[in-house]
Amino acid sequence: MQKPCCDIDSTLTLSDDKVIKLALIGNPNAGKTSLFNALTGARQRTGNWPGVTVERKEGFCHIGTVETQIIDLPGTYSLDLSDASADEQVARHFVHTHSDYLYLNIVDASTLERGLYLSLQLRELGLPMILLLNMMDVAEKRGMKINLTALAQHLGCPVVGISLRQNQSLEPVYAAISAYQAKPQSLIIPYPVAVEKAVSELAAQASVDRLTALISLQSSSDLPVAQLRQEIEASTTETLDFLLADARFDAATSLAKKVVHEHGKISRTFSDKLDRWVLGNWTGLAIFLLMMYLLFLFSINLGGAFIDFFDQSMQTIAVEGSRHVLSSLAAPEWLITLLADGLGGGLQVVATFIPIIAALYLFLTVLEESGYMARAAFVMDQFMRKLGLSGKAFVPLIVGFGCNVPAIMATRTLDSQRERITTVLMAPFMSCGARLAVYALFAAAFFQGGGQNMVFLLYLTGIGFAILTAYILRKTLLRGGTDHFVMEMPTYQIPGLKNVLLNTWNKLKGFLLGAGQIIVLVVMIINVANSIGTDGSFGNQNTEKSVLSAAAKTVTPIFQPIGITQDNWPATVGILSGLLAKEVVVGSLDALYSQMDGNSVNPPDNSYSLWGGLQTAAATIPVNLVDAINHLADPLDLGSVNEKPEDVSNTTFIAMNHYFDGKRGAFAYLLFILMYFPCIASTGAMYREVGARWAVLGVAWSTGLGYGAATLFYQLATLTKHPAQSLAWAALVLLAFSLSVYGFYRAGQKQIFLNPLQRLAG
96 MQKPCCDIDS
106 TLTLSDDKVI
116 KLALIGNPNA
126 GKTSLFNALT
136 GARQRTGNWP
146 GVTVERKEGF
156 CHIGTVETQI
166 IDLPGTYSLD
176 LSDASADEQV
186 ARHFVHTHSD
196 YLYLNIVDAS
206 TLERGLYLSL
216 QLRELGLPMI
226 LLLNMMDVAE
236 KRGMKINLTA
246 LAQHLGCPVV
256 GISLRQNQSL
266 EPVYAAISAY
276 QAKPQSLIIP
286 YPVAVEKAVS
296 ELAAQASVDR
306 LTALISLQSS
316 SDLPVAQLRQ
326 EIEASTTETL
336 DFLLADARFD
346 AATSLAKKVV
356 HEHGKISRTF
366 SDKLDRWVLG
376 NWTGLAIFLL
386 MMYLLFLFSI
396 NLGGAFIDFF
406 DQSMQTIAVE
416 GSRHVLSSLA
426 APEWLITLLA
436 DGLGGGLQVV
446 ATFIPIIAAL
456 YLFLTVLEES
466 GYMARAAFVM
476 DQFMRKLGLS
486 GKAFVPLIVG
496 FGCNVPAIMA
506 TRTLDSQRER
516 ITTVLMAPFM
526 SCGARLAVYA
536 LFAAAFFQGG
546 GQNMVFLLYL
556 TGIGFAILTA
566 YILRKTLLRG
576 GTDHFVMEMP
586 TYQIPGLKNV
596 LLNTWNKLKG
606 FLLGAGQIIV
616 LVVMIINVAN
626 SIGTDGSFGN
636 QNTEKSVLSA
646 AAKTVTPIFQ
656 PIGITQDNWP
666 ATVGILSGLL
676 AKEVVVGSLD
686 ALYSQMDGNS
696 VNPPDNSYSL
706 WGGLQTAAAT
716 IPVNLVDAIN
726 HLADPLDLGS
736 VNEKPEDVSN
746 TTFIAMNHYF
756 DGKRGAFAYL
766 LFILMYFPCI
776 ASTGAMYREV
786 GARWAVLGVA
796 WSTGLGYGAA
806 TLFYQLATLT
816 KHPAQSLAWA
826 ALVLLAFSLS
836 VYGFYRAGQK
846 QIFLNPLQRL
856 AG
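My numbering numbers the first residue of the sequence shown as 96 and each following residue consecutively.
Derived from the structure by calculation, the hints contain no laboratory data.
Honestly, I wouldn't trust all of these hints.
Quick list of simulated restraints, FRET-style, between CB atoms [unchecked claim]:
| # | residue 1 | residue 2 | range |
| --- | --- | --- | --- |
| 1 | V721 | A274 | 53 to 59 Å |
| 2 | Q661 | E153 | 53 to 59 Å |
| 3 | G251 | G559 | 54 to 60 Å |
| 4 | G251 | A299 | 22 to 28 Å |
| 5 | W372 | L709 | 19 to 25 Å |
| 6 | A714 | R841 | 55 to 61 Å |
| 7 | A340 | S273 | 34 to 40 Å |
| 8 | I562 | G251 | 49 to 55 Å |
| 9 | A270 | R841 | 55 to 61 Å |
List of simulated lysine-lysine pairs, DSSO-like, C-alpha gap at most 30 Å [claimed, not checked]:
| # | residue 1 | residue 2 |
| --- | --- | --- |
| 10 | K292 | K353 |
| 11 | K116 | K593 |
| 12 | K152 | K116 |
| 13 | K758 | K816 |
| 14 | K352 | K292 |
| 15 | K353 | K236 |
| 16 | K236 | K368 |
| 17 | K845 | K570 |
| 18 | K240 | K368 |
All residues carry an ideal CB built from backbone N, CA and C; glycine is no exception.
From just these sequences and the hints, can you work out the full model?
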């Protein structure tokens, strides 16, 4: 028989411990994260819980002179075994395996009855606990007066009232923790007669206490216990889970009535009045689109205004600075290439993502803390449910039009693992700003006067393949019904500045230490391959002599079905260099096509000035901010696609028209650029968020779709030239697609790709 989760006869004394171990637990939006930030400040570290992609947050602080470890558990409404979300499973598993922690149960005082359900479960397990009633100021404004002393007596644990949004001192919390010395007692909740009878019978048969018998009755697979469950459900015509939950809700309601006194006329709150507009059928959608526009504008346009500063600053310090120092020390060329171009170039790429990711998380945190994010999810839920997702998933996809990396990172706001995985695999199909640079180059070369239509078609194509991906995943690898969408609408509040900045910093740090390491490693490999010549020399970037160019010539025949001939090998170099970032494709094509037309590459400027480089970098900020303001009505900058890129030579356009098969060859190439291997930064973010298996699958799936779509388009576009060959390629593409979907279906049956969430289910 299963043992109880904790020894109810043990005494927990914190004042004598060398390290206090605290676990924060509570409903979503109750103020748990705000308390965590207030207690720990910047002394936090993040990661994932074992086996799942749920964020694990741990922090440290001193209470008096005692070092304190704090775990911020995922938000959960209950510890019921029927709860299926990854967050709730993680919280339940932790509670059932860590009885040596003191649990700080944070409850929204203005919705006390709802929050007490979880509190009663914790006390029923006999866990050491302090109840913290947050938002006492909101409760008082609503005419609620809570008798904290009576509540503490009924629960058998200390109760402290706080108002985190008012920057109230945490001294009462520190005092309660320091003074905590209790002999935890299991709180007894009265259950229906049939349940009580079964628990008593089971306890007597196994010689165990009531709590152990109750836990066993819920979860044991032993035949006698299973028969008892069947007898209960047969006699009551209700499931055991429902009977237990109903009894706990009754107990929470009864307790709330005893300790809460409401005075004055209860009127509609400000949140209720505002929700008439925010959740309205038409006004809600209009406000949502406005918020998404502001999110996109703030993160991509305003945040992007600082990209050049980070890019050029890191170029000056990490790349040119390293090269200057190593050259002055007479270091060998291979070492300069490895450290300056490789490591320095990797750090430079990571640095360029800092402003947009920081801006994204800053804006998302404000939306969450203010209470609007829950409303946004509600507004878009009806549409997204058709794809097996909740309304929350729409936000990362919108962000993906600016940059796929923050879009993938933003999936952390989603509730279920299935939603996160699906949205992460959809995000790379959103045409980011880097791809737009490639579109603009080809629009100027092949689609003069109609570039916007071509670009718009590519955007729609990406959206279409993202929807197709979600549909296939829902029917194969990630089968299952859409989760029931029951959502709490938190009270509107003004976000606290300290909390917003801490949340933003911690998420940004997670990106830099997680995905950033992968980005640096891969950038080193590609940059070194681009520098080393086939003769062993260095300094061959973007030339025919580099190892990267030689590799491109070798694999170019693979791309013949999409219209790339052997003499157009620079297009393959563009594909390979695009692994770094899609905008690198433009520079690679320009450098190589210019050389092929007889133009030499400008010699590098060997002069170095640290101060001059930083001044130049800083000068880009005001210029880019003005440019961002000028593009308020066109955040995607679609109006520039018909303009010739200023940094591309005329010979490049001549060469492109010579080597590509006209508009059809150019569009086939762009289809592949749209969907093939996401940039290294996006791939690193995918790995961090959903793990290696799903990241590899996502990369292979998007690349395969891109190759298939480009091949199908080009072969059908050139059908009259070689009908038999084109039809054969088209049939092969459709066969490969069908076999892939069938393979997904079989893998879904065996649950090969699913994370082992079942380990946490009870």
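Hint check:
1. V721 with A274: 53 to 59 Å: 58 Å, holds
2. Q661 with E153: 53 to 59 Å: The hinted range 53 to 59 Å holds for Q661 and E153, with Cβ atoms some 55 Å apart.
3. G251 with G559: 54 to 60 Å: Holds - the Cβ-Cβ distance for G251 and G559, about 58 Å, lies within 54 to 60 Å.
4. G251 with A299: 22 to 28 Å: With a Cβ separation near 26 Å, G251 and A299 satisfy 22 to 28 Å, so the hint holds.
5. W372 with L709: 19 to 25 Å: 47 Å, violated
6. A714 with R841: 55 to 61 Å: Because 58 Å falls inside the window, the suggested range holds.
7. A340 with S273: 34 to 40 Å: 35 Å, holds
8. I562 with G251: 49 to 55 Å: 53 Å, holds
9. A270 with R841: 55 to 61 Å: 60 Å, holds
10. K292 with K353: 28 Å, holds
11. K116 with K593: Judged against 30 Å, a Cα distance of about 24 Å means the pair holds.
12. K152 with K116: Holds - the C-alpha atoms of K116 and K152 are around 14 Å apart, at most 30 Å.
13. K758 with K816: The hint holds at about 16 Å.
14. K352 with K292: Between K352 and K292 the Cα gap is close to 28 Å, so the pair holds against 30 Å.
15. K353 with K236: 20 Å, holds
16. K236 with K368: 16 Å, holds
17. K845 with K570: 14 Å, holds
18. K240 with K368: This hinted pair holds, its Cα atoms lying about 23 Å apart.
In the structure shown, a violation is registered for the earlier hint numbered 5 alone.
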